[in-house]
Each structure stands twice: as structure tokens, then as C-alpha cells.
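In order, the protein sequence lines correspond to chains A and B.
So for the first sequence, our numbering puts the first residue at 1; every next one is plus one.
So for the second sequence, our numbering puts the first residue at 1; every next one is plus one.
Be aware that one or more of the hints could be misleading.
Partial list, computed: chain B residues near chain A (C-beta under 7 Å) [to be verified]:
#	residue
1	D157
2	A159
3	I160
4	I165
5	L167
6	V171
7	L174
8	G178
9	I179
10	G182
11	F227
12	T235
13	G360
14	R364
15	F368
Quick caveat, the hints were computed from the structure, so don't treat them as lab data.
No experiment lies behind these values; they were computed from the predicted model shown.
Backbone N, C-alpha and C fix where the C-beta goes; we use that ideal spot for every residue, glycine too.
For reference, the chains in residue letters:
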Amino acid sequence: MEVLLAFVTGLMGAASVYLLLSRHVVRMLLGLILLSNTANLLIFVAGRLTETRPPLVPPGGVLPEVPFANPVPQALILTAIVISFGLLAFALVLVYRGYLELGTVDSDRMRVAEPPLPGQRILPPEVQGEARSGCR
Amino acid sequence: MTALLVLPIVVPMATAVLTLAVWRHPGVQRWLGVAGSAVHLATAVGLLAQVVTGGILAVQIGNWPAPFGITLVADHLGAAMVLIAAIIGLAVAVYSVGDVDCDRQRHGFYPLYHVLLTGVSGSFLTGDLFNLYVWFEVMLSSSFVLLALGRDRAQIDGAIKYAAINLVSTVTFLIAVGILYGMTGTLNMADLAVRVPQVANAGLLTAVAVLFLVAFGIKAAIFPLFFWLPASYHTPAVSVSALFAGLLTKVGVYALIRTFTLIFTHDVGYTHTLLLYVAAATMVTGVLGAAAHYEVRRILSFHIVSQIGYMVMGLALFTPLALAGSVFYVIHHILVKTNLFLVAGLVARRAGTAEIRDIGGLYRAAPFLAVLFMVPAMSLAGVPPLSGFWAKLILIRAGLEAGVWWIVAVALAVGLLTLFSMSKIWLEAFWKPRPEAAPPLVPTASTPGMVVALYGPVVALAMLTVAIGLWGAPLMELGARAAGELLSRDAYIAAVLGRAP
Numbered sequence: 001m002e003v004l005l006a007f008v009t010g011l012m013g014a015a016s017v018y019l020l021l022s023r024h025v026v027r028m029l030l031g032l033i034l035l036s037n038t039a040n041l042l043i044f045v046a047g048r049l050t051e052t053r054p055p056l057v058p059p060g061g062v063l064p065e066v067p068f069a070n071p072v073p074q075a076l077i078l079t080a081i082v083i084s085f086g087l088l089a090f091a092l093v094l095v096y097r098g099y100l101e102l103g104t105v106d107s108d109r110m111r112v113a114e115p116p117l118p119g120q121r122i123l124p125p126e127v128q129g130e131a132r133s134g135c136r
Numbered sequence: 001m002t003a004l005l006v007l008p009i010v011v012p013m014a015t016a017v018l019t020l021a022v023w024r025h026p027g028v029q030r031w032l033g034v035a036g037s038a039v040h041l042a043t044a045v046g047l048l049a050q051v052v053t054g055g056i057l058a059v060q061i062g063n064w065p066a067p068f069g070i071t072l073v074a075d076h077l078g079a080a081m082v083l084i085a086a087i088i089g090l091a092v093a094v095y096s097v098g099d100v101d102c103d104r105q106r107h108g109f110y111p112l113y114h115v116l117l118t119g120v121s122g123s124f125l126t127g128d129l130f131n132l133y134v135w136f137e138v139m140l141s142s143s144f145v146l147l148a149l150g151r152d153r154a155q156i157d158g159a160i161k162y163a164a165i166n167l168v169s170t171v172t173f174l175i176a177v178g179i180l181y182g183m184t185g186t187l188n189m190a191d192l193a194v195r196v197p198q199v200a201n202a203g204l205l206t207a208v209a210v211l212f213l214v215a216f217g218i219k220a221a222i223f224p225l226f227f228w229l230p231a232s233y234h235t236p237a238v239s240v241s242a243l244f245a246g247l248l249t250k251v252g253v254y255a256l257i258r259t260f261t262l263i264f265t266h267d268v269g270y271t272h273t274l275l276l277y278v279a280a281a282t283m284v285t286g287v288l289g290a291a292a293h294y295e296v297r298r299i300l301s302f303h304i305v306s307q308i309g310y311m312v313m314g315l316a317l318f319t320p321l322a323l324a325g326s327v328f329y330v331i332h333h334i335l336v337k338t339n340l341f342l343v344a345g346l347v348a349r350r351a352g353t354a355e356i357r358d359i360g361g362l363y364r365a366a367p368f369l370a371v372l373f374m375v376p377a378m379s380l381a382g383v384p385p386l387s388g389f390w391a392k393l394i395l396i397r398a399g400l401e402a403g404v405w406w407i408v409a410v411a412l413a414v415g416l417l418t419l420f421s422m423s424k425i426w427l428e429a430f431w432k433p434r435p436e437a438a439p440p441l442v443p444t445a446s447t448p449g450m451v452v453a454l455y456g457p458v459v460a461l462a463m464l465t466v467a468i469g470l471w472g473a474p475l476m477e478l479g480a481r482a483a484g485e486l487l488s489r490d491a492y493i494a495a496v497l498g499r500a501p
């Protein structure tokens with residue numbers, strides 16, 4: 001089972017790297033999502049897979065009954081899932097906003113913050129509002 | 001004692017919550033922000049004073065004994081980093097009062113700012129690898145929003161690149177943590193320091209070390225992983241990019257120093273030699289990149305990359321003097337680089353543009369501003385008697401003592417090129433006459449309050465640079481102590497685990 005999961009993790013990692021290398025920003029985002037799930041699966045496998053009881057302390061006891069499953073990887077994965085969910089939701093909104101503002105999802109053509117490609121015309125950035133007055 | 005260790009994290013967190021509570025009143029948020037930063041600075045001073053007099057401090061959060069719970073540790077390096085972060089936090093908070101526009105203030109600049117400081121302080125104080133990951137995420141999520149906050153199209157462009165590459169970095173970090181946990185069964189850094197030498201599979205361990213190098217290297221912007229930095233740091237509000245320039249990459253450097261002195265010392269011949277080549281390449285590419293640009297903040301961004309090379313060089317040489325030099329360099333660099341970004345903001349305000357070819361004539365029109373630019377710029381280039389001279393001197397001497405001549409040659413050449421780059425800004429923006437077509441200069445600030453807010457932090461940071469240059473001995477002593485603790489890890493391990501290793 002561990003070997004099988006290790007191969008699955010490797011396959012997911014390879015697929016996510018392939019997606020990350022795309023110039024299409026949405027594909028790159030999908031690659032990031034896949035990569036963060038790869039990491040979660042990897043932590044799960046690294047914590048060893050065993051057929052055991054859940055790590056719960058029985059009533060009146062002090063320690064869980066041995067053998068019990070390692071709870072640490074599960075806690076780590078739970079934390080990582082929550083964090084990556086938040087960050088990827090933000091990244092999705094950012095990419096959508098980027099599409100609205102820049103009119104493209106091709107990362108090679110997103111060059112407002114960098115010197116443009118030869119022959120590429122880019123609209124000048126809008127002037128920043130200086131309006132600090134009335135900010136109470 | 002215990003409170004001292006927790007307060008530098010709790011104070012900015014509380015400030016963030018308080019500023020959120022007065023969301024509709026940016027005026028109140030401004031003052032809360034400055035006051036919170038001042039209290040943060042006071043707690044950081046207290047922490048460093050305690051560490052200097054009483055040695056390494058460690059607290060087990062929730063009273064779980066060491067390898068099981070989360071530990072907070074403050075050694076000399078951690079406490080010094082917290083202090084310097086708090087100084088920058090206060091300086092930029094004051095500057096932001098005059099700099100950040102109303103729109104950004106209304107959309108949560110201050111809460112995010114303090115969440116960022118929370119993440120930075122937490123990263124410096126944690127003694128647990130997974131906890132470090134969480135603090136990185138706190139820092140990263142607030143930095144994403146700070147970078148995208150505003151109405152500038154370039155910001156969205158920069159933020160997409162910044163977010164994408166930094167997300168890859170955090171996942172790499174997570175993967176490395178997972179594999180390391182699988183091999184050792186612990187995440188506590190002191191416990192890892194004990195258990196890692198017992199791991200049989202040294203090859204896999206080196207592979208994990210390189211994974212950490214990649215993860216922290218992206219954060220620290222080392223060669224060849226730095227491309228997100230010059231693509232994004234010049235886009236947000238000046239206060240935001242000054243804070244980022246000062247603190248964020250240096251958290252990456254701190255994490256590199258921590259892991260490659262405490263945990264991964266099993267194969268110094270491989271990992272630290274790799275670091276040395278990376279350091280040289282980082283120095284050279286950064287400074288050459290800067291030569292090609294004419295936008296002030298973009299030039300300065302490339303110089304961040306180049307300067308990171310020096311810090312990594314100290315870590316790579318791995319001698320007491322070299323590590324002390326690294327610590328000295330990090331502290332000097334944070335002060336100077338933040339100051340340069342703040343001055344760049346003043347220049348852009350005065351001239352109405354940040355393209356140095358279009359500025360000119362500032363020396364005649366604003367001599368005081370010219371002096372304020374000259375001090376950190378010369379310090380960055382390493383001109384005596386400013387702080388940068390001593391930082392470079394220590395590292396170069398360490399390189400000579402270690403007998404690695406080529407890295408010394410590279411460091412000296414890059415120092416010269418940095419001077420060239422700073423004089424380019426000086427000549428274009430300050431010295432040459434103002435171009436005929438250029439619009440008239442405008443005053444930087446409209447009210448006396450704004451003058452104090454904008455110039456006060458710049459003057460204070462410039463004075464700190466000069467002070468370190470003239471009285472560098474105490475900081476050098478601090479660096480030497482930090483290096484001693486990093487190299488003989490027993491004190492750190494004993495403080496965390498409560499027993500000798």
C-alpha cells in the first residue's frame with residue numbers, strides 16, 4: 001500500500017510540475033492545487049501506513065491502546081489543507097482580477113510590471129490617487 | 001521571562017486585531033499602528049536585553065514537554081532579528097502615515113501590516129519546523145494582499161508572479177518537512193539536531209537538505225530562484241516595498257542560517273560548498289541586473305538579490321568569523337535597504353517619477369534629500385566609515401582566513417559594481433541638470449506633520465547606519481556570540497530539551 005501510494009504521489013508531483021510549467025496562468029494555478037495535494041499525501045505516507053486503531057484515549061485511561069495510528073501527520077495535513085485552501089482561493093481571485101485588468105492569462109504577455117517584449121504595446125499605468133485628505 | 005518571549009508575537013497580533021476593530025476609522029488605525037509598533041519595539045528590546053544577560057530563553061507553549069509541544073526559543077540571533085524587525089516595523093509605520101494613500105488605508109493596510117510583523121516575529125522565535133511553516137504562511141498571506149492592495153495594474157501583474165513562485169516555495173518547504181518527519185519522527189528543531197546525525201540514509205538526508213535550500217532559497221531570493229523579486233517589489237506602495245525589502249527575504253536567510261547550522265551539518269563538504277557557489281552567483285547576477293535598469297526601486301530590488309549573496313557567503317564559509325559576519329551583514333542590510341526604499345519614495349514624490357533618467361537636478365533643488373540618499377547608498381556599497389564597510393570587511397577577512405580566494409575576489413568586485421550602480425542613481429537623479437522637458441519639482445509633503453512622518457524615519461535609520469559604522473564593536477560582539485551559539489549547538493539543545501544532548 002505504501003509503495004502504491006508513493007507511486008501515486010510521484011505521479012501527481014510530475015503532473016503538477018507539468019501544469020506549473022504552462023504559460024497559461026489558470027493551468028499553473030491547477031498545478032499549484034495539485035502540488036499542494038501531493039505534499040499532503042506525501043506527509044501522510046511519510047507518517048507510515050498501518051492497520052491500527054485510531055489514536056483515542058479510552059475512558060479512564062491515560063494512553064491510547066497500542067498499536068495506534070500516528071496522529072501527527074494527520075494534524076499536519078489538516079493544518080496544511082486549511083492554509084493552502086485559503087491561499088489558493090486568494091490566488092484564484094488574483095488570477096481572475098489579473099485577467100480583468102490585464103486582459104490576458106498568458107504569463108508571457110503579463111508585462112506591465114516588467115519591460116515589455118519587443119513590439120509589445122502596453123497601456124500606461126493609471127496615475128495613483130494622491131487623495132489622503134479626507135482620510136479620517 | 002516567559003512573557004518576554006511571547007510578547008513580540010502577541011503585541012503585533014493584538015495591534016492587528018485592534019486596528020480591525022476600528023475598520024471604519026483609518027485615522028484611528030494610523031495612530032494605533034504607530035503605537036503598536038512602538039510597544040513591539042519595547043518588547044523586542046526587553047527580549048534582547050534578557051537574552052544578552054541571561055542566555056538562551058525557551059518556552060514550551062501549553063506546557064507540553066519539549067519534543068511534543070511547540071517551543072519558542074530566543075537565542076542571540078533570533079532576539080537580534082526580532083529587534084531589528086521591530087525597528088523597521090516602527091520606522092515604516094511612521095513613514096506610512098505620510099505615504100500610504102487613503103484608498104489603501106481604508107482597505108486594510110494597517111491590519112495586514114501588523115499581521116505581517118506577527119509572522120516575521122514568529123518565524124524568528126519558533127523552535128519548531130512545522131510552526132515555522134505556519135509563520136511563513138501568516139507572513140506570506142498578508143504579504144500577498146499588501147502587494148495587491150491598490151489600484152495599479154502593475155501591482156496585479158507583480159502579485160501574480162510573486163504569489164505563484166512563493167506558493168511553490170511553501171509547498172516545497174512542506175514536502176521537505178514531511179520527508180524529514182518521516183525519517184526522524186520529530187519536528188522540534190533542537191530534537192532534530194540530536195536525531196539527524198543518527199539517520200542511516202545520509203544521501204536522502206542531503207536531498208532533503210537541498211529541498212530546504214530550494215524552499216528557503218526562493219524566499220531569500222538566491223540564484224537561480226530570485227526572478228519573482230525584481231518583478232514585483234517595485235509595484236506596491238513605497239511603505240510596503242520598503243517593509244518587504246527589509247524583512248521578507250531576510251526571513252528566508254534566517255531560516256537558511258538556522259537549518260544549515262542546527263540541523264543539516266552532516267555533510268558540510270557538499271551542502272555548504274553548494275551554498276558558496278550559489279552565494280557567488282547570487283552576488284554577481286544581482287549586481288549585473290541592477291546595471292541594466294533605470295527605475296530606482298527596480299535597481300534597488302536587484303541589489304537586494306546581490307546583497308543576499310554576501311549573507312549566504314558567510315553561512316557557506318561556516319567559520320565563527322564568517323557566521324558573525326553574516327549576522328552583522330543581515331542587520332546592517334535590513335536598516336540600509338529599508339532606508340534606501342524610503343528615500344526612493346521621497347525622490348519619486350519630489351520628482352513625480354521613479355525613472356532616474358527623467359529626474360535630474362535634485363542635488364541643487366533638494367540638498368538635504370541628496371545627503372539622505374548618500375548615507376545609505378554609500379553604506380550599501382561598503383564605503384568606510386559606514387556600517388556596510390565593516391559588514392563587508394568581516395566577511396572578506398573570514399574568506400581570506402578560510403583560504404577561499406575566489407569568493408573574496410567576487411565579493412570585492414561586486415562591492416565595486418554596487419558603488420557604480422549607486423553612483424548611477426546619484427548622477428542621473430541628483431547631479432545632472434534637470435532635463436528641459438521635465439515637469440517642475442513638487443514638494444514632498446504638504447503639512448508639517450507629513451514632513452515629520454516622511455523624513456523622521458529616514459533620518460533615524462540613516463543615523464543608525466552611521467552609528468553602527470562608528471561604534472560597530474557592540475554589534476560585532478553580538479554577532480560573534482550568535483555565531484558561537486550557532487556553531488556549538490549544545491546550549492540551544494539544552495535550553496529547549498532541558499538536558500544536555
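Query - Hints violated by the structure (numbers, ascending) - result: Violated hints: 4, 11, 13, 14, 15; rest satisfied.
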